[in-house]
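Enquirer: Quick note, the sequences are listed as chains G and D, same order. Using numbering that gives the first Met the number 0, the letters of the first sequence map in sequence onto residues 0 to 259. Using numbering that gives the first Met the number 0, the letters of the second sequence map in sequence onto residues 0 to 259.
Don't take every hint at face value.
Reference excerpt, derived from the structure (chain G facing chain D, CB under 10 Å, subset only) [stated by the list, open to error]:
1) T49
2) S72
3) V76
4) V108
5) E154
6) K218
If you're looking for bench data, these hints aren't it; they were derived computationally from the structure. For glycine and all other residues, C-beta sits at the position ideal for the given N, C-alpha and C.
There are 2 protein chains.
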Amino acid sequence: MKNKPLILVTNDDGITAPGIRTLIAVMQEIGEIVVVAPDKPQSATGHAITINNTLYLNKISDDNSPFLEYSCSGTPVDCVKFAVNEVLKRKPDLCVSGINHGSNSSINVIYSGTMSAAVEAGIEGIPAIGFSLLDYDWNADFESAKKFIKKIALEVLENGLPEGVILNVNIPKLKEKEIKGIKICRQAKAMWMERFDKRKTPQGKDYYWLTGEFVNQDKGEDTDEFALEKGFISVVPVQFDLTAHHAIQTLNTWKLNEKN
Amino acid sequence: MKNKPLILVTNDDGITAPGIRTLIAVMQEIGEIVVVAPDKPQSATGHAITINNTLYLNKISDDNSPFLEYSCSGTPVDCVKFAVNEVLKRKPDLCVSGINHGSNSSINVIYSGTMSAAVEAGIEGIPAIGFSLLDYDWNADFESAKKFIKKIALEVLENGLPEGVILNVNIPKLKEKEIKGIKICRQAKAMWMERFDKRKTPQGKDYYWLTGEFVNQDKGEDTDEFALEKGFISVVPVQFDLTAHHAIQTLNTWKLNEKN
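Required output: the full structure, derived from the provided sequences and hints.
Expert: Laid out in structure tokens, this is it:
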């Protein structure tokens with residue numbers, strides 16, 4: 000097929016996760032795909048990269064495979080860097096990351112390996128989308144999401160994305176028919192109220208598990224949390240220019256350069 | 000002393016790094032300090048948190064120590080969560096992270112453990128600053144930075160910070176007298192051109208080191224890169240609302256909800 004788009008597929012739950020297998024199936028309907036994904040789960044690794052350790056890249060696919068597939072010992076961001084620099088012969092037309100097992104809405108975007116992989120692709124100038132399903136179960140039902148994922152990916156391929164913008168797509172845990180539609184949203188103001196679950200090793204040493212409760216502090220009706228609660232798929236355009244431009248004027252009133 | 004501010008100190012180079020020891024010395028002149036920092040170097044860990052592994056918190060200080068000090072087995076972000084939830088009796092008045100050994104200007108902010116710790120404090124509602132010196136050397140000269148760090152910290156304590164804003168401070172590798180001043184800037188548009196240094200293990204297996212070259216694509220004179228190049232300290236206000244608000248209108252013109 001002529002002019003088939005080249006699509007890079009990655010995730011943070013690891014190359015064997017059902018989420019990425021579903022995403023691969025959808026993307027195969029759209030273009031030529033190449034998979035480079037972590038060889039083990041890498042949830043909540045954020046935008047970590049591996050600079051103080053060695054990295055391994057293993058080819059999984061063989062000559063009979065329908066597409067190229069590599070596993071990588073590094074983080075999701077490492078995977079994208081490997082794909083662009085060592086695996087792909089040209090810049091892909093699209094990078095999709097996920098489908099994450101669990102939400103990456105609101106503040107979760109910042110901790111998310113899934114989204115960081117997509118953001119890294121965005122930094123490299125590749126239109127990129129992170130997909131997440133609001134179901135942490137390894138055996139979650141990803142089927143209901145397929146139609147919507149295909150639609151969003153096709154729209155991005157058709158329209159491109161504004162420079163420096165990546166899409167963060169979250170899908171409610173609902174049957175296909177129950178999903179009300181797709182909404183463009185802003186990131187809700189929310190946070191995690193952490194709790195450390197303190198335990199003792201068999202040798203009597205204290206150790207902890209990080210756990211916590213999600214708190215949505217945002218009553219806005221234009222947020223991703225609101226859309227998801229109402230049964231919509233949320234699409235948040237995300238940027239990697241972290242500058243709080245609105246704060247520059249205030250800071251310029253400070254006496255930072257006065258002699259004292 | 001009455002009304003002494005409570006200051007949390009952390010970093011990503013690990014609790015023994017000369018950078019954090021300098022920062023501790025400066026903060027001791029300002030307030031009551033508590034240190035919670037990683038027990039080993041955690042550079043480029045981004046906003047990673049530890050959810051699939053156990054965490055250890057070790058008290059380093061004793062009854063004779065001038066301040067409370069803990070090392071933590073987790074990431075810089077884990078350290079802040081530990082400090083807030085397990086160590087500190089009240090919310091601190093300020094969190095400072097660093098001094099990082101090396102630049103966190105422009106796109107480096109997104110990979111930086113130093114800045115992610117500061118951002119995490121910001122999410123928790125604590126005024127926060129990340130400090131970085133443009134010198135990767137373990138034995139870098141941090142002395143020249145002291146006066147400026149103190150000034151910026153005092154300004155933040157006096158004025159507070161706009162909601163959801165954290166400061167990313169980068170300091171050029173110059174003698175105190177050569178530093179021209181402090182400039183409020185925006186994050187320069189820049190990226191890393193990666194290169195994977197491919198080698199063979201003694202057993203003949205391929206492995207890689209991630210390396211690369213920094214490319215500043217931004218000719219603006221209001222950027223952190225420009226200020227640093229001209230001998231100024233750069234201060235970029237950073238936010239954790241990643242929404243690309245300017246892109247929402249464009250995305251709303253897409254045909255995402257049309258039946259086909």
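Enquirer: Now tell me, hint by hint, if it's right for this structure.
Expert: Taking the hints in turn, this is what the structure says about them:
The interface hint given for T49 (chain G) holds, since its Cβ lies 6 Å from the closest Cβ of chain D, which is under the 10 Å cut-off. Given the 10 Å rule on beta carbons, the hint for S72 (chain G) holds: about 9 Å separates it from the nearest Cβ of chain D. Among the interface hints, the one on V76 (chain G) holds; its C-beta lies about 8 Å from the nearest C-beta in chain D, closer than the 10 Å criterion. Checking V108 (chain G) against chain D by beta carbon gives a least distance of about 6 Å; that is within 10 Å, so the hint holds.
Checking E154 (chain G) against chain D: minimum C-beta separation of about 5 Å stays under 10 Å; hint holds. Given hint, K218 (chain G) at the interface with chain D, is violated; its Cβ is 16 Å from that chain's nearest Cβ, farther than 10 Å.
Checked against the numbered hints given earlier, this structure breaks only hint 6.
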